[in-house]
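Q: The residues making up each chain are set out below.
Number of protein chains: 2
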Amino acid sequence: MKELWSKRARALTPYIPGEQPRERKFIKLNTNENPYPPSPMALAAIREAACDTLRLYPDPECTNLREVLAASYGLKPNQVFVGNGSDEVLAMCFQAFFDPDRPILFPDITYSFYTVYADLFGLTYRQIPLDENFAVPREPFLEENGGIVIANPNAPTGRAISLSGVKAVLEGNPNSVVVVDEAYVDFGARSAVELVDCHPNLVVVQTMSKSRSLAGLRVGFAFANENLITALNSVKNSFNSYTLDRLALAGAEGALRDVGYLRATTMKIIHTRGYTACRLKSLGFQVVDSSANFLFVSHPDVAAKTLLDGLRERGILVRWFDKPRISNYLRITIGTDQEMEALCAALAELLGKEG
Amino acid sequence: MKELWSKRARALTPYIPGEQPRERKFIKLNTNENPYPPSPMALAAIREAACDTLRLYPDPECTNLREVLAASYGLKPNQVFVGNGSDEVLAMCFQAFFDPDRPILFPDITYSFYTVYADLFGLTYRQIPLDENFAVPREPFLEENGGIVIANPNAPTGRAISLSGVKAVLEGNPNSVVVVDEAYVDFGARSAVELVDCHPNLVVVQTMSKSRSLAGLRVGFAFANENLITALNSVKNSFNSYTLDRLALAGAEGALRDVGYLRATTMKIIHTRGYTACRLKSLGFQVVDSSANFLFVSHPDVAAKTLLDGLRERGILVRWFDKPRISNYLRITIGTDQEMEALCAALAELLGKEG
Chain A
450 MKELWSKRAR ALTPYIPGEQ PRERKFIKLN TNENPYPPSP MALAAIREAA
500 CDTLRLYPDP ECTNLREVLA ASYGLKPNQV FVGNGSDEVL AMCFQAFFDP
550 DRPILFPDIT YSFYTVYADL FGLTYRQIPL DENFAVPREP FLEENGGIVI
600 ANPNAPTGRA ISLSGVKAVL EGNPNSVVVV DEAYVDFGAR SAVELVDCHP
650 NLVVVQTMSK SRSLAGLRVG FAFANENLIT ALNSVKNSFN SYTLDRLALA
700 GAEGALRDVG YLRATTMKII HTRGYTACRL KSLGFQVVDS SANFLFVSHP
750 DVAAKTLLDG LRERGILVRW FDKPRISNYL RITIGTDQEM EALCAALAEL
800 LGKEG
Chain B
450 MKELWSKRAR ALTPYIPGEQ PRERKFIKLN TNENPYPPSP MALAAIREAA
500 CDTLRLYPDP ECTNLREVLA ASYGLKPNQV FVGNGSDEVL AMCFQAFFDP
550 DRPILFPDIT YSFYTVYADL FGLTYRQIPL DENFAVPREP FLEENGGIVI
600 ANPNAPTGRA ISLSGVKAVL EGNPNSVVVV DEAYVDFGAR SAVELVDCHP
650 NLVVVQTMSK SRSLAGLRVG FAFANENLIT ALNSVKNSFN SYTLDRLALA
700 GAEGALRDVG YLRATTMKII HTRGYTACRL KSLGFQVVDS SANFLFVSHP
750 DVAAKTLLDG LRERGILVRW FDKPRISNYL RITIGTDQEM EALCAALAEL
800 LGKEG
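Heads up: the protein sequence lines correspond to chains A and B, in order.
Heads up, the first sequence is in the working numbering, so the first residue is 450 and it goes up one at a time.
Heads up, the second sequence is in the working numbering, so the first residue is 450 and it goes up one at a time.
In short, the hints are calculated from the structure, not lab data.
Any given hint might turn out to be false.
The list that follows gives simulated cross-link-like pairs (lysine to aspartate or glutamate, DMTMM-like), each with its CA atoms no further than 25 Å apart [stated by the list, open to error]:
1) K451(A) <-> D550(B)
2) K802(B) <-> D738(B)
3) K451(A) <-> D501(B)
4) K456(A) <-> E675(B)
5) K456(A) <-> D738(B)
6) K451(A) <-> D786(B)
7) K717(A) <-> D501(B)
8) K754(A) <-> D568(A)
9) K730(B) <-> D758(B)
10) K474(B) <-> D568(A)
11) K456(B) <-> E762(A)
12) K616(B) <-> D508(A)
13) K474(B) <-> D786(B)
14) K474(A) <-> E516(B)
15) K474(A) <-> E675(B)
16) K802(A) <-> E762(A)
17) K456(A) <-> D568(B)
18) K451(A) <-> E516(B)
19) K456(B) <-> D548(A)
20) K456(A) <-> D501(B)
Chain B regions said to be covered by chain A (calculated; three or more residues, Cβ under 8 Å) [said to hold, decoys possible]:
21) 539-547
22) 649-659
23) 694-700
24) 762-775
Glycine included, C-beta positions come from ideal geometry on N, C-alpha and C.
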């Protein structure tokens, strides 16, 4: 095997996403999907776009969507970049801003795609250990580097970084691009989008997959000053002129217009998260403070892997990472109230406790 | 400008796609779109998929679509790869199969994205001159190389290569991957898909954008033996787990099932192409023999750029490439009969002739 592969392809260790079961019906708390459907305005816009004009290429510059995003986030359209999911946007950030000669810095416990991108594009990196409470330390991010990636809130911990913390990293690294991956920001962290105008080294990446319930549509976006957006466009236009199809463009625009729906569904998830955290603590779990649509939990008596398997047998999928420091933790997506009831009941049973 | 860009990003010269006008209504014969709408089965499948399940990630392995493609093309699902348009599939081929140490070979006149991919991924290439009739010469493709890319039919010429020609390149290069880009194959060339089982170095790339009228949906695919498909999956899963959204998956499956529609619309275009070629010849044009949904034409008396501008003034967009050897040619997409009538009338007027 691997004959005729490029040297780079031979060396890759791809990212492994959470399971998407095709057969059996599970309670799916393993990939941080939103339990509520997308906005009816998004679905209506998609149905309207499913018409004869699909024979035509989409707008390669995604002008309308960038205008709607700019208006929604108080920026100019030339400060906005869009891509086929925030994973693609992140991959293009790695290509546009990082060179092999100096290491990229990111936490040791974070979104595990960052190391994969670095390997794919032949970049070096240094992983900065989070402290014992999974907080991001400040000093190590001020050391010599070729770029910084920070997820806020962090995954899979859910812990948020303050705006002053982000600002300190930006100000301490005027010659490096700092990518703040805000996939989960709408569930309780403070976005760095307000810093875009004043910090020419900042890129804020967000997604429609989580708070806007559109994981199935693949739309991510980045905010930065025009200079960095131009670099992202150069990379994108050297890879694929048309990364967003007409339906994704239409659906994303529809979702962005329905601000009330975003607010209602994220508030609901935030309340369910609080209630679930209490229930899990009463079952003896340690629960990391979460600003995301998931909880990162550990039990002192029963191994996370045992709970993972036991939940699966009971029809509930959660996520476990077989990695140093976090192998006794489970990442549990916040579902509906009923789904979290079922989760807590199953965990109580597994722990031999009253739920 | 360009501060904080990576070295690679600074050096890029992105591909420039044909214009997608957003305001004025043109007769659009500039980007090889299909003049007929997508299959009603594709549109119905998309509308059905525009539902609550869009909150969930798509199947990262695109299993259903690969099964439908495999059944449709007489292959096994593990011989099929899918991507976000054939441009993305091609880009991943460059990453998966080519190394910087030996040059990739492709014709000097061909799809101009190939040089852009090579630059993006730090690869070297050698452009093989087509002969004076734009035919692909055989000998130069048997020289030492690190990979080969051939478009069949070629773009922007429309000329096809015979199956025996493709076979000779495959057999002369057992240690190189040969990518045959068949974006336009359904309009009259013979596909190399029948060679996949016997040639472990062959990758056939196709798209739903042209013959299946789905340029707006962004679905491309590749056929190859399982070893090469595994390499493509390694690259794809190191870049973006979910390159196809749920709507693209559904629409592509719907379109593939409607074989009758594909046949009827491609036959219609083939007939319009023949009739248009006759009309253009009678206006004095030299018309390259086309197996694609476009014609590549040159007039001995009037410069192509003059005709391009004149047509634009008359509301008709065609494509002109400001490049050596072909700067006196226009690439004209085959539209509806009415659109081609309008084209011929406008050209007759520009040439001062009776239409």
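Q: It remains to establish, for every hint, whether it holds in the given structure.
A: Structure-based check of each hint:
1. K451(A) <-> D550(B): holds (18 Å)
2. K802(B) <-> D738(B): Cα-Cα ~24 Å, so holds.
3. K451(A) <-> D501(B): At roughly 40 Å apart (the allowed maximum being 25 Å), D501(B) and K451(A) break the hint.
4. K456(A) <-> E675(B): holds (18 Å)
5. K456(A) <-> D738(B): violated (40 Å)
6. K451(A) <-> D786(B): violated (49 Å)
7. K717(A) <-> D501(B): Holds - the C-alpha atoms of D501(B) and K717(A) are around 17 Å apart, at most 25 Å.
8. K754(A) <-> D568(A): violated (28 Å)
9. K730(B) <-> D758(B): holds (20 Å)
10. K474(B) <-> D568(A): Answer violated: K474(B) to D568(A) is near 46 Å, above 25 Å.
11. K456(B) <-> E762(A): Distance ~51 Å between K456(B) and E762(A) Cα, so the pair is violated.
12. K616(B) <-> D508(A): violated (38 Å)
13. K474(B) <-> D786(B): holds (18 Å)
14. K474(A) <-> E516(B): Answer holds: K474(A) to E516(B) is near 22 Å, not above 25 Å.
15. K474(A) <-> E675(B): It is violated: about 30 Å lies between the C-alpha atoms, which goes past 25 Å.
16. K802(A) <-> E762(A): Holds - the C-alpha atoms of E762(A) and K802(A) are around 18 Å apart, at most 25 Å.
17. K456(A) <-> D568(B): holds (17 Å)
18. K451(A) <-> E516(B): holds (24 Å)
19. K456(B) <-> D548(A): Judged against 25 Å, a Cα distance of about 7 Å means the pair holds.
20. K456(A) <-> D501(B): violated (42 Å)
21. 539-547: holds (count 5)
22. 649-659: With 3 residues close enough to chain A, the hint holds.
23. 694-700: holds (count 5)
24. 762-775: violated (count 0)
Violation of the numbered hints given earlier is confined to hints 3, 5, 6, 8, 10, 11, 12, 15, 20, 24; the remaining hints are satisfied by the structure.
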